[in-house]
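Q: Below are the chains, spelled out letter by letter.
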Amino acid sequence: MSDTAVAPPKAKQNFRGNGGVRGWFGRQPTWVRAIVTLVALGLAILLPYAGDVPLIGPQIVTQGIDWPSSLFNMSYYVLLALGLNVVVGYAGLLDLGYVGFFAIGAYGTALLTSRDSLLYAHSGWSWLAAAPVALAITMAAGLILGWPTLRLRGDYLAIVTLGFAEIIRIVATSTPNFLRGDRGFTNIPHPPGQGADGKPIFGVTDATPYFWLGLAVIVVVILGVRNLDRSRVGRSWLAIREDEEAAEIMGVRTTRFKLWAFAIGAFIGGLGGVLFAGEQGFINSQTFVLQFSILVLAGVVMGGSGNMAGAILGGALISYIPDRLRGISDPFFHTDLYEYRFAIFGVVIIVIMVLRPQGLIPSRRRAMELKDREKEVAPL
Amino acid sequence: MLLELENVSLAYGRIQALHGISLSVAQGEIVALIGANGAGKSTTMRAISGLRPVSEGSIRFDGQDISKLRADLRVIRGVSQSPEGRGIFPGMSVRENLEMGAYTRKNRAEIDEDLQRVFTLFPRMREREKQSGGTLSGGEQQMLAVGRALMSRPKLLLLDEPSMGLAPMLIQQIFDIIVEINQQGTTVLLVEQNAQQALSRAHRAYVLETGRIVKEGTGAELLHDPAVKDAYLGVA
Numbered sequence: 001m002s003d004t005a006v007a008p009p010k011a012k013q014n015f016r017g018n019g020g021v022r023g024w025f026g027r028q029p030t031w032v033r034a035i036v037t038l039v040a041l042g043l044a045i046l047l048p049y050a051g052d053v054p055l056i057g058p059q060i061v062t063q064g065i066d067w068p069s070s071l072f073n074m075s076y077y078v079l080l081a082l083g084l085n086v087v088v089g090y091a092g093l094l095d096l097g098y099v100g101f102f103a104i105g106a107y108g109t110a111l112l113t114s115r116d117s118l119l120y121a122h123s124g125w126s127w128l129a130a131a132p133v134a135l136a137i138t139m140a141a142g143l144i145l146g147w148p149t150l151r152l153r154g155d156y157l158a159i160v161t162l163g164f165a166e167i168i169r170i171v172a173t174s175t176p177n178f179l180r181g182d183r184g185f186t187n188i189p190h191p192p193g194q195g196a197d198g199k200p201i202f203g204v205t206d207a208t209p210y211f212w213l214g215l216a217v218i219v220v221v222i223l224g225v226r227n228l229d230r231s232r233v234g235r236s237w238l239a240i241r242e243d244e245e246a247a248e249i250m251g252v253r254t255t256r257f258k259l260w261a262f263a264i265g266a267f268i269g270g271l272g273g274v275l276f277a278g279e280q281g282f283i284n285s286q287t288f289v290l291q292f293s294i295l296v297l298a299g300v301v302m303g304g305s306g307n308m309a310g311a312i313l314g315g316a317l318i319s320y321i322p323d324r325l326r327g328i329s330d331p332f333f334h335t336d337l338y339e340y341r342f343a344i345f346g347v348v349i350i351v352i353m354v355l356r357p358q359g360l361i362p363s364r365r366r367a368m369e370l371k372d373r374e375k376e377v378a379p380l
Numbered sequence: 001m002l003l004e005l006e007n008v009s010l011a012y013g014r015i016q017a018l019h020g021i022s023l024s025v026a027q028g029e030i031v032a033l034i035g036a037n038g039a040g041k042s043t044t045m046r047a048i049s050g051l052r053p054v055s056e057g058s059i060r061f062d063g064q065d066i067s068k069l070r071a072d073l074r075v076i077r078g079v080s081q082s083p084e085g086r087g088i089f090p091g092m093s094v095r096e097n098l099e100m101g102a103y104t105r106k107n108r109a110e111i112d113e114d115l116q117r118v119f120t121l122f123p124r125m126r127e128r129e130k131q132s133g134g135t136l137s138g139g140e141q142q143m144l145a146v147g148r149a150l151m152s153r154p155k156l157l158l159l160d161e162p163s164m165g166l167a168p169m170l171i172q173q174i175f176d177i178i179v180e181i182n183q184q185g186t187t188v189l190l191v192e193q194n195a196q197q198a199l200s201r202a203h204r205a206y207v208l209e210t211g212r213i214v215k216e217g218t219g220a221e222l223l224h225d226p227a228v229k230d231a232y233l234g235v236a
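Sequence lines, in order, name chains A and B. The numbering of the first sequence is full-length UniProt numbering, which starts it at 1 and goes up by one. The numbering of the second sequence is full-length UniProt numbering, which starts it at 1 and goes up by one.
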């Protein structure tokens with residue numbers, strides 16, 4: 001590193017970039033931004049009807065799975081990506097077992113509502129009554145896992161979280177009466193509500209209402225996380241992520257804020273699980289495999305870790321791409337392309353990591369941190 | 001005494017880094033801690049700021065024992081550190097880095113006042129206000145680290161190797177500013193490998209060798225001590 005008393009004039013690198021769509025968006029007055037946001041939200045609400053758009057519609061919608069179901073899948077993946085983004089993207093904690101919280105949310109709901117549950121005689125609750133309890137359990141699980149482990153750093157934390165998710169899955173497979181392994185829980189009730197025609201809003205034939213419910217939850221989560229990110233909490237996370245020791249020297253209570261990130265991430269993951277259980281009506285231990293965690297993490301990193309728009313895009317893509325491949329067979333072995341999804345993902349992720357390591361919609365700060373770490377690895 | 005370490009020992013796992021260190025810093029002083037790599041200089045700093053718990057001994061600040069106190073509470077009491085390797089937040093702007101220094105404070109008017117003070121001490125920081133920390137040169141990062149440490153309005157400023165990796169001219173400049181900060185009323189404890197500069201600027205100094213204090217005296221005394229000259233000043 002060269003230092004001179006008078007540093008050579010540098011290309012002025014402004015902190016808030018000016019280029020691209022985001023630069024444009026950032027310069028607009030509040031009302032323009034509000035309108036753009038509302039239009040985007042309106043388009044998202046209309047997504048179930050995308051197939052009706054001439055020409056491009058049929059290209060977008062899925063074939064091997066009905067489009068509203070695919071949209072619902074996207075909604076809970078986006079939710080998971082948003083939650084994991086708080087843990088990985090904001091606080092910088094590598095969590096490889098995020099599916100554990102999704103599982104706890106889903107199992108919590110099932111245990112309280114399903115007829116197959118040991119607790120059924122005492123509970124037999126509605127989905128809406130079970131949801132807050134399941135979420136509280138998930139958040140508590142986040143705190144219990146986080147309390148002893150958040151003193152660990154980097155790789156160690158990753159291993160512990162990985163183990164945590166596996167423990168949940170293994171407990172589920174090996175307790176035939178409690179978490180019921182492969183047999184799982186049936187008859188998990190759907191969310192409440194009746195339409196004008198007297199039929200329940202949340203039925204079994206059309207997933208559209210579930211997608212809208214998921215979308216509503218996503219909007220609430222985005223607003224909540226955005227507020228946190230702009231507060232002192234977000235600033236503390238940022239400091240911890242960029243330099244944990246320096247953060248501590250500034251007076252940031254690092255363990256406490258890491259625990260907060262973990263608990264909030266767990267809560268959002270649990271939300272995904274509660275929604276999932278309510279839509280499917282059935283869950284078993286096969287759902288909560290390791291690949292699930294890895295996939296969501298890949299989504300967050302691919303979209304742009306530390307940036308909510310990136311996490312949303314990444315979450316949607318990891319769900320949409322495989323679903324879109326369903327029902328299309330390859331010309332050689334005539335296997336459904338869906339079966340190749342992990343191989344295809346592997347390639348896509350490698351390409352993105354080579355061409356755009358900071359993600360599709362990167363966080364500017366993150367990009368700067370990456371650059372800074374490169375310097376550490378290879379000092380000039 | 002503003003700061004008193006009494007018989008402080010500290011271990012990383014099984015490796016004993018400090019073997020019963022005692023030192024003191026009086027209000028208004030600049031005290032230097034010199035020694036070779038691995039002598040325990042940075043470890044002493046980390047013990048004072050609370051990054052590592054001490055295994056034995058006591059640290060008294062402003063008359064009270066702080067050796068068991070959480071790091072954030074030590075900041076509130078008035079201990080502030082500019083860490084080894086600067087510890088700049090690379091993705092935050094210069095302004096945001098400085099604001100982080102005032103993390104434990106609430107009074108906006110006072111914070112703004114201190115921000116202006118830092119900008120006066122380091123005019124370059126004002127020029128770079130909106131630039132992110134990671135894009136600064138080494139010297140600028142050092143200025144930012146010192147400025148950031150001042151933002152908590154400390155009674156005691158801990159500086160860990162402020163001259164590391166800097167060109168000779170910049171080292172002069174940084175030390176001039178340290179003296180200026182001290183004259184404005186902040187007590188300074190500084191760790192240095194650049195013994196020449198440190199000893200000529202400090203009121204008093206300690207020499208640290210493998211976790212023990214082997215010598216102490218005024219800066220001038222140590223600067224002319226043959227053993228110190230031999231070991232740390234690179235002159236025979």
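Quick caveat, the hints were computed from the structure, so don't treat them as lab data. In this text, a Cβ means the ideal position worked out from N, Cα and C, and glycines have one as well. Be a bit skeptical, because a hint or two may be false.
Unchecked claim - The calculated label-pair distances, taken between Cβ atoms and stated as ranges, are:
| id | chain 1 | residue 1 | chain 2 | residue 2 | range |
| --- | --- | --- | --- | --- | --- |
| 1 | B | ASP65 | A | LEU128 | 22 to 28 Å |
| 2 | A | THR30 | B | MET164 | 56 to 62 Å |
| 3 | B | ILE76 | A | VAL36 | 42 to 48 Å |
| 4 | A | LEU223 | B | MET164 | 43 to 49 Å |
Stated by the list, open to error - Covered by chain A, per the in silico footprint, the following chain B stretches (three or more residues, Cβ under 8 Å):
| id | region |
| --- | --- |
| 5 | 63-73 |
| 6 | 85-99 |
Q: Would you check chain A against the region 85-99 of chain B, counting CB to CB pairs closer than 8 Å, and say if three or more residues qualify?
A: holds (count 7)
Q: Looking only at beta-carbon atoms, does the pair THR30 of chain A, MET164 of chain B fall within the given range of 56 to 62 Å?
A: Given range 56 to 62 Å: violated, Cβ gap about 46 Å.
Q: Does the Cβ pair LEU223 of chain A, MET164 of chain B satisfy 43 to 49 Å?
A: The hinted range 43 to 49 Å holds for LEU223 of chain A and MET164 of chain B, with Cβ atoms some 45 Å apart.
Q: Does 22 to 28 Å hold as the CB distance between ASP65 of chain B and LEU128 of chain A, or does it fail?
A: Between ASP65 of chain B and LEU128 of chain A, where Cβ atoms are some 54 Å apart, the hint is violated.
Q: Within the assertion that chain A covers the region 63-73 of chain B, do at least three residues meet a Cβ-to-Cβ distance smaller than 8 Å?
A: holds (count 3)
Q: Given the range 42 to 48 Å, decide if the beta-carbon distance of ILE76 of chain B to VAL36 of chain A lies inside it.
A: With a Cβ separation near 43 Å, ILE76 of chain B and VAL36 of chain A satisfy 42 to 48 Å, so the hint holds.
In this structure, the earlier hints numbered 1 and 2 are contradicted, and the remaining ones agree with it.
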